[in-house]
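S.K.: Chains as they are written, first to last, in numbering that gives the first Met the number 0: chain H, 0 to 209; chain V, 0 to 245; chain G, 0 to 228.
Source of the hints: derived by calculation from the structure; they are not laboratory data.
Backbone N, C-alpha and C define an ideal beta-carbon position, used for all residues, glycine too.
Any given hint could turn out to be false.
[Said to hold, decoys possible] Cβ pair distances, simulated, as ranges: (1) H/Gly55 x G/Ala59: 53 to 59 Å; (2) G/Val124 x H/Asp108: 38 to 44 Å; (3) G/Leu141 x H/Arg122: 37 to 43 Å.
[Said to hold, decoys possible] Per the computed footprint, the stretches of chain H lying under chain G, defined by three or more beta-carbons under 8 Å from a beta-carbon of chain G, are: (4) 45 to 55; (5) 102 to 109; (6) 156 to 163.
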Amino acid sequence: MLYLQDVTIKRGSKIVFYNWNAKIKNSKVTIISGKNGVGKSTLLRAIAGMIPLEKGIVKNYNNEIFKDQIKWGQNLIYIDSKNGLSKDLTVYENLKTWSEMKGWKTSDDDLQKALDSVDMLNRKNLYVSQCSEGLKKRAALSRLYLSLLFDVEFWLLDEPTNELDQNSIILFNKLIQRFLENKGTILLACHELKLFDFNFELLNLDLLKK
Amino acid sequence: MFDWLANPNRFNRITEKIQPYILLIAIITLISGLYFSLFDSPKDYQQGDAVRIMYVHVPSAWLASFLYFSLAISCVFYLVWKHPLADLVSSSMAPIGALFSALTLVTGSLWGKPMWGTWWVWDARLTSMLVLFFFYLGYILLSNAFERKIDGSKTASVLAIVGLINLPIVKFSVDWWHTLHQPASIIKIGGPSIDDKMLLPLILMIFALSFFSLYMIILNVKTKLIEKKCEALLLKSNLEEMSKIG
Amino acid sequence: MSLQSSFIEIFISHIKREFLINFRSLVDVISIISFMILIVTLFVLGIGPFEEKLRLISNAIFWIGLILAIIPSLEKTLQRDYDNGWLDQTITSPTPMELILLSKSLAYWLIVIIPLLISLPLFIVLLNINLKLIPWLLISILVGGLSISLIGIIGSALTLGAKRGNILLPILIIPLIIPILIFGVGISEAVRINESPVNNLFLLIGFTLIYLVISPFISAFLIRIAISR
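Make the full structure from the sequences, and use the hints.
M.R.: Below, the structure written as structure tokens:
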């Protein structure tokens with residue numbers, strides 16, 4: 000369970016959230032929806048620890064998550080539209096360096112399976128510079144499979160379905176199912192709600208701010 | 000102390016009271032300083048009347064260095080304690096400090112012509128001052144290089160602090176370079192010994208320029224505060240809207 | 000749960016990643032060497048083919064060429080990973096940003112230094128550098144190169160996301176690396192006039208050590224600012 004208590008978040012000198020409270024249930028998918036510019040990405044980036052809170056705390060049960068950066072860093076996956084792939088490396092190398100950076104010891108087998116889970120195994124030696132946006136997104140989402148092996152609790156995903164085709168969305172849904180079975184918590188910013196075939200909580204920022 | 004002054008309203012109230020006095024002191028010391036330095040101080044036996052440039056050159060150099068130091072300290076306050084006023088103070092100091100370092104370079108060059116016969120000599124002090132000028136320039140350029148002003152302030156503050164660490168090293172290395180390449184026979188600007196009669200106008204001029212820049216800095220900060228107030232008014236309507244839901 | 004890999008392993012994996020990215024296409028490596036050759040050529044063309052004159056200032060030309068050749072590639076070191084989102088991934092990882100940046104500057108140091116060391120014989124020939132200078136030159140390039148990359152990372156972090164950052168970067172960096180030039184040339188000059196260069200060398204090492212300590216912290220601080228935008 001993630002509690003946001005009296006959270007104020009600024010971007011530049013603009014206040015996006017002001018003394019705001021929210022609760023995010025665990026082992027569930029929470030979809031953050033709302034108009035463009037309402038603060039979906041800002042909220043995700045703040046929870047991920049990229050935007051420091053002006054005020055307030057975020058708790059995972061009783062632990063303040065930003066107190067222990069090492070623990071929190073192991074506990075979440077954050078993926079947004081930038082993907083975090085180096086275009087001079089192949090899809091496989093990107094995944095490998097990424098898992099090493101997370102501090103995980105992954106076997107070649109794990110990495111292959113991860114790429115297979117998003118149907119990228121046949122493209123594993125493709126350079127990211129040669130990938131389309133959809134392929135890049137799939138390469139980034141292959142991290143989600145790895146996180147299933149390493150007790151990650153949270154996925155923070157910013158518009159993960161934007162460039163995905165029909166088939167990839169099915170694969171993405173499968174990953175989410177598996178994560179929920181592992182008692183994982185997903186926080187997802189998205190416009191289109193009908194893409195998902197699971198129950199979700201809705202956090203509509205438009206309604207909360209009206 | 001800083002915390003207490005950092006309230007913009009209090010800052011406005013206090014400066015409102017002391018500003019006229021600061022200006023008064025600046026004018027009085029400037030007039031008397033100029034009188035003494037131009038008419039009532041001895042000529043140098045070597046340099047003649049050219050020595051009078053010193054009364055602008057030395058105070059400017061002193062102020063340029065002092066203002067950089069204060070700027071960097073104020074940047075520390077901004078980054079550590081996040082006082083918005085500290086950022087206004089340092090960004091108000093920057094153009095004035097840059098101006099004084101430029102003035103030091105120009106007067107140094109003017110002084111160099113009668114003394115050494117060339118407009119520019121790569122003297123250790125002048126070279127350090129040139130580097131200082133570029134630190135000011137870098138600070139000003141960087142703080143204006145971002146889409147949002149606040150991003151520039153933070154980043155440029157870090158640069159100012161790096162500069163504070165690096166400047167003494169640059170100063171030392173330039174001195175080192177100078178002794179490495181030239182024996183120490185050259186007459187240094189500022190002269191080896193200063194006549195007592197030269198000391199009085201020098202001190203007066205230092206006071207005059209210090210108070211003048213203090214006055215300018217306060218004026219600058221006030222302008223920026225008014226600018227901020229305009230922004231804040233816009234923001235406030237935004238905020239009130241939010242607190243209704245919150 | 001504790002970390003599976005130690006920080007040292009993560010550190011090494013970062014250096015490996017930088018190597019993969021930079022040495023895959025040799026464009027960067029070749030451009031640094033050729034840029035330096037061109038700078039040296041410009042100097043010699045400007046001065047004229049007088050061997051006496053050249054001998055007096057060859058050390059200075061070498062160091063200025065070195066610094067100017069490194070600067071253009073500095074901007075990319077962080078900007079590339081900032082644009083593609085890699086820095087977002089590293090900040091949401093368990094590894095401290097300071098460690099990542101230290102590994103980045105060490106990797107960058109090796110990436111720049113290796114081609115320069117390979118091409119060193121070429122510059123010795125081109126600039127008529129005295130052979131007794133070579134060991135000192137090697138040490139001073141190694142130490143000086145490290146401090147340039149440590150300061151370069153700060154510069155690169157300062158201009159992350161700035162408008163016209165590529166023009167701004169040299170203006171911010173060059174004042175900071177003046178001491179490297181002075182001590183570096185000082186070492187070579189001392190050897191040339193048969194004096195002991197150890198004073199200059201110690202100063203250069205001291206300068207580098209200062210930045211070895213402060214650079215990762217300063218640039219990590221700057222990157223946190225840049226990412227929070």
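S.K.: If a hint holds in the structure, say so; if it does not, say that too.
M.R.: Verification of the supplied hints:
no., hint, verdict
1, H/Gly55 x G/Ala59: 53 to 59 Å, "holds, 57 Å"
2, G/Val124 x H/Asp108: 38 to 44 Å, "violated, 52 Å"
3, G/Leu141 x H/Arg122: 37 to 43 Å, "holds, 41 Å"
4, 45 to 55, "holds (count 5)"
5, 102 to 109, "holds (count 3)"
6, 156 to 163, "violated (count 0)"
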